[in-house]
Amino acid sequence: MTVGIIFGGRLGYALFYQPDHFLNEPLAFFRLWEGGMSFHGCLIGTIVAMMAFSWKRGLPLMSLFDVVSTAVPFGLFFGRIANFINGELFGRPT
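Its first residue numbered 1, the sequence shown is counted upward by one per residue in this note's numbering.
Hints were generated in silico from the structure; no laboratory data involved. Just to be clear, a hint being listed does not mean it is correct.
FRET-style restraints, in silico, Cβ to Cβ [claimed, not checked]:
#1 E25 / G58: 36 to 44 Å
#2 L61 / F16: 20 to 28 Å
#3 T94 / V72: 30 to 38 Å
#4 F53 / P73: 19 to 27 Å
#5 F65 / L23: 29 to 37 Å
#6 L32 / G87: 39 to 47 Å
#7 F74 / I44: 18 to 26 Å
#8 K56 / R31: 28 to 36 Å
#9 L76 / K56: 38 to 46 Å
#10 S54 / E88: 28 to 36 Å
#11 V72 / N24: 33 to 41 Å
#12 F78 / D20: 32 to 40 Å
#13 R31 / L64: 30 to 38 Å
#14 G79 / Y17: 14 to 22 Å
Pairs of lysine to any residue, SDA-like flavour, derived with a Cα cap of 25 Å [as the list claims (entries may be wrong)]:
#15 K56 / G36
#16 K56 / V67
#17 K56 / L43
Predicted model only: the values in this text are computed from it and were never measured. Glycine residues also receive a C-beta, built at the ideal position from the N, C-alpha and C atoms.
Throw the hints in and build the complete structure from the sequences for me.
As structure tokens, then:
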């Protein structure tokens, strides 16, 4: 699922936010240290990775979704904390 998160997030960023940059310089897709991930791309990438995993292992997809859904709130929580620490979330100046 980690590969789905990283690949999907980067692909979503490339397609939705900077398609011209990635069309002109396709190898920039692999330079993850330059930043650029999208939540909706991560979500789609994770779903596709889970579908591939369940198909390969012969597991029911909805049961796999149920198991993973228990960890999602924790991942979102720690992701937002990381956003705050990284200075990506800010409010009004005080």
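Would you pick out the hints that fail for this structure and give their numbers low to high? Hint check: 6, 9 and 15 fail, others pass.
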